[in-house]
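Chemist: Here are the chains, one letter per residue:
Number of protein chains: 2
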Amino acid sequence: MTKYKAPHAMPKPGAEAAPAQARPAFDRKNMILRVSTALVFAVFFLSLLYWGGGTTWGNLAYFALMGVSIFAGVREITLIGRKMGFNPSLYAGTAVAWLLLMHFFLAARAPLGERPLDPDLLPLWLALAFGIGIIHFGALFFDQKMEQALPSQAITWMGALYMGLGLGFQQRLFMLGSSTVANTGSRMILALYLITWLGDTGAYFIGSFAGRHKLAPRVSPKKSWEGLAGNYLGNVLGAWLMKATGVCPDWSPVDVVALGLLLGTVGQLGDLVESTWKRSAGVKDSNIGIGIPGHGGMLDRVDSLVFAAPAMFAYVHYVHGLG
Amino acid sequence: MTKYKAPHAMPKPGAEAAPAQARPAFDRKNMILRVSTALVFAVFFLSLLYWGGGTTWGNLAYFALMGVSIFAGVREITLIGRKMGFNPSLYAGTAVAWLLLMHFFLAARAPLGERPLDPDLLPLWLALAFGIGIIHFGALFFDQKMEQALPSQAITWMGALYMGLGLGFQQRLFMLGSSTVANTGSRMILALYLITWLGDTGAYFIGSFAGRHKLAPRVSPKKSWEGLAGNYLGNVLGAWLMKATGVCPDWSPVDVVALGLLLGTVGQLGDLVESTWKRSAGVKDSNIGIGIPGHGGMLDRVDSLVFAAPAMFAYVHYVHGLG
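Taken in order, these protein sequences are the chains called A and B.
Going by the working numbering, the residue at position 252 of the first sequence is 625; the numbering climbs one at a time, nothing skipped.
Going by the working numbering, the residue at position 188 of the second sequence is 561; the numbering climbs one at a time, nothing skipped.
Just so you know, the hints here were simulated from the structure itself, not pulled from any lab data.
Honestly, I wouldn't trust all of these hints.
Said to hold, decoys possible - Which bits of chain A does chain B cover? Going by a derived footprint, with three or more residues having C-beta under 8 Å, they are: (1) 412-420; (2) 547-556; (3) 569-577; (4) 639-651.
As the list claims (entries may be wrong) - Here are a few chain B residues that face chain A, going by a calculated C-beta distance under 7 Å: (5) L494; (6) L501; (7) Q517; (8) M519; (9) M531; (10) W650; (11) V656.
Glycine included, every Cβ here is placed at the ideal spot set by N, Cα and C.
Extracted from the complex, chain A is given alone in its bound form:
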């Protein structure tokens, strides 16, 4: 409990005597840095969605973006694991996560009809079978800390699954095709990010200004019930905006509410999951080494998305019949 400190609870110069239970202060400097970085990324990302949707170069650019993000995320999980005294493999974890991403890339090509791809090129079962070999057999030859063999190999697997599946489903969403709406994939990704981001934003502002009742002190000390409400408000608002602006014209009101609540729930739980990992290692944010200015580490940015992406794909697959 005492090892982990929420950023807002950190003592500031001249404020050493501030009571620990006080409402978190609004951090203006960090917010400016945070917004600036987000704007730069947003311009790049929205350009990719607008011009790259449904094109081969767009698919490949998204693949590259996911690949780099996967490496950064697996690296953070590896470093958190090492900080706890284990010896997960960055190489094996990244390789298996990339195999999973490659599966989702190849599995998504066929529906687009660009060229008839053999669905047997890299089925998910084969990617996982290779993963068994890479992670477990790799450890036999290269792990120099065999007394932690079980947890080390387990953490390697989890990092590979967490980043590979989470971002692999994003790749699959981006490459979705539909016979009725052009560039469905880009629209789904925009919805995924906007719903998640407005939820995070709603939780941040309402939680910062009005957060009084602790939600899950055992798991994440800074979360409040007020923030939770703000999160859901933001989620549903995001989904409604997608429909209202015509980006997702075929969404029904049920879709708007269902997707808002679904992505909000798994996104917030995903956020809590990552909090428990960080707290178990005694780190403040996932950024061990390089990070994203104002945004902590890669894990802090993707923690909601990695759980929201599979949920969204499952929803549009089974409810809307896509992919």
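Using the hints provided, position chain B relative to the given structure of chain A.
Modeler: Frame of chain A, contents of chain B only:
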């Protein structure tokens, strides 16, 4: 290094002064128990293969056998993890492993042509997406040892993947159909077990009687180069027997050698992997609690099979075009 003791290196009453490096003694009593248990299982198992192959009740009986074995194996991994101070979830691990098994069961029905099953009923990606929710979200609500959240959840995942994939591929193999040879699935399972078992047996006898040169003292102190040679001899002999007796009449000599070497290699590496896990927890065999008389725990029995089954499925899928 010193925590783990190979069974044969354990001091016996009246033999306290035996040098630690001595050639392991042949343990007659354990061998009788081991063979008896194996015979009982063999009668049951061969009956299932002979009469149950290609039938619905056979598929369901195999499914039940795999389901029970999965529970026992996940339980052992969970207990080994707990012995190391972590808190993996037996319920979550078993549930996710069963979901994976269910996927392989459902994915295998269609080729048999019994009835047209929707391949979308439980695709592997959906089983994994549910796994994310069950393992990570479950830990948020039920894990009382949050300071080990990262390794605990990771070990839960690894147990689910290890048993669920390893035994799921067996289910898929058992239910394989072919237009040229009847009951292909039963034949493949018989080949998988015979090749693996003759390899283990060859390694055990040649290693026990002639083992002098240590193979991997860092990983498993009792393995020898002589045992390795015995293992490969047994593997290829097993594959040759399958062809010679007409059980697998369409195997070429290349298939015999390739399958013998492939299953032998992944099987032995798999055996080493499980050794490192046990040694890292300081346990002698995987049997913590109930076990199989003379055979240690469930993990000790399946450690070669869980890696050999995916390799065999991949081979017959891509080389022979099955499944």
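Chemist: Give a verdict on every hint.
Modeler: Comparing the hints with the structure gives:
no.: 1; hint: 412-420; result: violated (count 0)
no.: 2; hint: 547-556; result: violated (count 0)
no.: 3; hint: 569-577; result: violated (count 0)
no.: 4; hint: 639-651; result: holds (count 7)
no.: 5; hint: L494; result: violated (11 Å)
no.: 6; hint: L501; result: holds (6 Å)
no.: 7; hint: Q517; result: violated (9 Å)
no.: 8; hint: M519; result: holds (6 Å)
no.: 9; hint: M531; result: holds (4 Å)
no.: 10; hint: W650; result: holds (4 Å)
no.: 11; hint: V656; result: violated (11 Å)
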